[in-house]
Amino acid sequence: MIEKAVGKSTGPTRVALTGNYAAAYAAKMADIDLVAIYPITPQTTIAEKLSEFVADGELAAELIHVESEHSALSATIGGAAVGARAFTATSSQGLELMHEILHIAAGLRLPIVMAVPSRALSAPISIHNDNSDIMNARETGWIMLNASDAQEVFDMVIQAFKIAEDPRVLLPVMVTYDGFVVSHTVEGVELPDAEAVRSFIPKGKWHALDPSRPSSMGPIAGPDWYYEIKFGQYHAMRDSIKVIAEVMDGFGKKFGRNYSPVVGYMMGDADFAVVTYGVTWGFVKTAVDRARSMGIKAGAIKLNVIRPFPSDAVISYLRGLKSFAVVDRAIYYGAPSPGPVYTDVASALFMSGHAVPALNVIHGIGQRTMYINDFVEVFKELTKLDESKVIFMGVRE
Amino acid sequence: MQGGKQIRTIKDLPREERFAPGHAMCAGCGAAIAIRWLNKYIGDNAIVANATGCVEVTTTTYPYTAWRNPWIHVAFENAAAVASGLRKGIDVLTKKGVWKNGDTRIVVVGGDGGTVDIGLQSLSGMLERGDKVMYFLYDNEAYMNTGIQRSGATPMYAWTTTTPVGQVLHGKPQMKKDIFDIVLAHGIKYAATATVSDVIDMSNKIRKAMDYSEDGPTFIHVLAPCPPGWKYDESKTVEVAKKAVETAYWINLEYDHGVWSVTTKVPVRKPVSEFLRMQGRFSHLTQVEVEEIQKWVDARVASVNKLVGMEVIGPVKGR
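Line by line, the protein sequences give chains Y and H.
Using my numbering, you'd call the opening residue of the first sequence number 322 and step up by one each time.
Using my numbering, you'd call the opening residue of the second sequence number 834 and step up by one each time.
No lab work stands behind these hints, which were simulated from the structure alone.
Every residue, glycine too, gets a C-beta built ideally from N, C-alpha and C.
Among the hints, erroneous ones may be present.
[Said to hold, decoys possible] Cβ-to-Cβ under 7 Å is the rule here; a few derived chain H residues that face chain Y: (1) Asn-878; (2) Asn-902; (3) His-906; (4) Leu-919; (5) Thr-927; (6) Met-989.
[Claimed, not checked] Simulated crosslink set (DSS-like; lysine-lysine; CA at most 30 Å straight-line): (7) Y:Lys-526 to H:Lys-928; (8) Y:Lys-551 to Y:Lys-606; (9) H:Lys-1022 to H:Lys-1098; (10) H:Lys-1009 to H:Lys-1075; (11) Y:Lys-701 to Y:Lys-618; (12) Y:Lys-524 to H:Lys-933; (13) Y:Lys-606 to Y:Lys-705; (14) H:Lys-928 to Y:Lys-524; (15) H:Lys-1098 to H:Lys-1128; (16) H:Lys-929 to Y:Lys-575; (17) H:Lys-1064 to H:Lys-1022; (18) H:Lys-1022 to H:Lys-928; (19) H:Lys-933 to Y:Lys-526; (20) Y:Lys-524 to H:Lys-929; (21) H:Lys-929 to Y:Lys-526.
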């Protein structure tokens, strides 16, 4: 039934999919030309599903069984370098092994899309979820979207191709989401009409290697050129936030599900807010309701975009608050604050001249269970907060 | 069009120069000779994936390039994986009617570091998958681009900046890694060794490797003498390479669909000391060490003669 729904023009269909399968179905409906795969928990089921699609002749893509994640991204670069719509996926140690090539994919300005169900980093080895891996990839020059459920995974993978291949952008895009909690949880996902997806993301054109117009890609640049090339990359990333907003807007108009780089919940009259990304969003929204029932003017925002950091939208939500918290599921060892997104938010506020006391909440490390009431406690803490500080929740000290 | 006819004399060699002048390779660079001839045979419908190394950094100083073919460099250890992506990308775009350039071939250019050391994993993956790519290894026997550091391809007792000649250690303590056997162990159908002193032999092998890359991976391993790294005068590159063959330090081999041959027969060998003493990197060698290298050469000669099934490389003159 699912196959029928995505193969032909049958109108939207609601099916049960895990987050990983949602990513695989989106890649299939995007009619990717090339995919390089290497297994790693919790990404593996994407590789398996795409292998099935290719084996069954449902996806006309070349599938490359590489011998490492480093080669997965390298082969994906090779495909994109000749103009193929190329996709890959990884997690955790795999993303770390790719790290060198992440920078190069962005520097070569190739519109690759990659799904990353996030997982904690070794050592000690953990197959469970936190955001250490993706946070460590923020400065590699990739646009990073963040989904908090399977439907968002599907929708953002579709959006990712349109953003990446936009001639104003031409940067690789990572669609990140929480391993297991999203990657392996079955949810209802609406698959749009296949033809509607195709018309939303017609294949783009970018500078590709072509024997009829030879060029050298990835040369060595000396001190007299390197800076300008990287400055161009900086601008492409910075300005991509407009394209991302435009694509999300267009997606909402076409498919009826609205997206924007940052979304708010009960923020209209809020005095206190929790800034989230990923699955924490669901917990925090319920905590907002409970805090409201206790008379706390609570609200929450969720970042759908991690890079480029959506500073303007974040500032507009946070600047008038009495205090706010940022929940981070990764630790920056030795940094001024241990939370990576807290650091981003603090720097955005500082640069805009706003000073609001802010709590950095570290939670859910290595998939330590987070409870809704933990975030109710955060709201209570916010009502008393007069200076910024850090708390580690859910840990035995 | 790739390949072309069998080359018998220098009159058959193509005059067209596809490796543009103005690159920054050293005077007397063996790799430069190899790349020049490689370019004559890959044709205009081939894409080159270049591993980081001497050739890469000296030929594409932005905004200039010495390459008339489409060329890509991504990193040091992944040229073979990039090549697989290029290959499969073109294959799928051809099937979908998007690729309009016909039978485009993929060529990898890698040095010894990028091939036998850091790039071995991605090379192995590409070979195991049987991707239709021609891999061209120029072997200057050390990390020359970073300033002469030991690689797996550095020969025994050679001086490098990381195997200096001291009171306790005398150059590299280990033998040269046998990349040719490692590559062949993947079951590929065509692999050959060559060097820059015999351009006709090298040309024919490049030509064949390009032709056979239609069916699967092929591999060319070229010994590329390096004047600053091997410490000899830059006018002597071809002579050093020639001496490597005459002493059987280097054997021009070919493996073609199960058939082994030695393409440069050496009925009477010269002692390896004649090759070694041309180069400053071996100037510290004791007689015992020279004898040890000679024994290594003798053993290789015996095994190659056995592979070929006849004595194509003879005994050392005067022994």
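Hints, verified against the model:
For Asn-878 (chain H), the shortest C-beta to C-beta distance to chain Y is roughly 5 Å, which falls under 7 Å, so the interface hint holds. A least Cβ separation of about 6 Å between Asn-902 (chain H) and chain Y falls short of the 7 Å threshold, and the interface hint therefore holds. The closest approach between the C-beta of His-906 (chain H) and any C-beta of chain Y is roughly 4 Å, which is under the 7 Å cut-off, so the hint is satisfied. Residue-level restraint check for Leu-919 (chain H) holds (minimum Cβ-Cβ distance to chain Y is 4 Å; threshold 7 Å).
Given hint, Thr-927 (chain H) at the interface with chain Y, is violated; its Cβ is 10 Å from that chain's nearest Cβ, farther than 7 Å. A hinted interface residue such as Met-989 (chain H) counts as satisfied when its beta carbon comes closer than 7 Å to some beta carbon of chain Y; here the least separation is about 30 Å, so the hint is violated. Restraint check for Lys-526 (chain Y) and Lys-928 (chain H): the C-alpha separation of about 18 Å stays at or below 30 Å, so the hint holds. In summary, the hint linking Lys-551 (chain Y) to Lys-606 (chain Y) is not supported, as the alpha carbons are separated by about 40 Å, beyond the 30 Å threshold.
A threshold of 30 Å between alpha carbons decides the hint, and for Lys-1022 (chain H) with Lys-1098 (chain H) the separation of about 22 Å falls inside it, so the pair holds. The hinted pair formed by Lys-1009 (chain H) and Lys-1075 (chain H) meets the criterion: a straight-line CA distance of about 19 Å does not exceed 30 Å. Taking the CA atoms of Lys-701 (chain Y) and Lys-618 (chain Y), the gap is near 11 Å; set against the 30 Å cutoff, the hint holds. Straight-line distance between C-alpha atoms of Lys-524 (chain Y) and Lys-933 (chain H) comes to about 16 Å, which keeps the hinted pair within the 30 Å bound.
For the hint linking Lys-606 (chain Y) to Lys-705 (chain Y), the alpha-carbon distance of about 21 Å falls within 30 Å, and the restraint holds. The suggested pairing of Lys-928 (chain H) with Lys-524 (chain Y) holds, with an alpha-carbon distance near 16 Å, which does not exceed 30 Å. A threshold of 30 Å between alpha carbons decides the hint, and for Lys-1098 (chain H) with Lys-1128 (chain H) the separation of about 20 Å falls inside it, so the pair holds. With a CA separation close to 27 Å, the supplied pair Lys-929 (chain H) and Lys-575 (chain Y) stays within the 30 Å bound.
Distance check on the hinted pair: Lys-1064 (chain H) and Lys-1022 (chain H) sit about 36 Å apart at the alpha-carbon level, beyond 30 Å; violated. Of the supplied pair hints, the one linking Lys-1022 (chain H) and Lys-928 (chain H) holds, its CA atoms being roughly 26 Å apart against a limit of 30 Å. Among the hinted pairs, Lys-933 (chain H) with Lys-526 (chain Y) is consistent with the structure: their alpha-carbon atoms are about 15 Å apart, no more than 30 Å. For the given pair, Lys-524 (chain Y) sits about 13 Å from Lys-929 (chain H) by alpha-carbon distance, which is consistent with the 30 Å threshold.
A C-alpha spacing of about 15 Å is found between Lys-929 (chain H) and Lys-526 (chain Y), which places the hinted pair at or below 30 Å, so the restraint holds.
Consistency note: the structure conflicts with the earlier hints numbered 5, 6, 8, 17.
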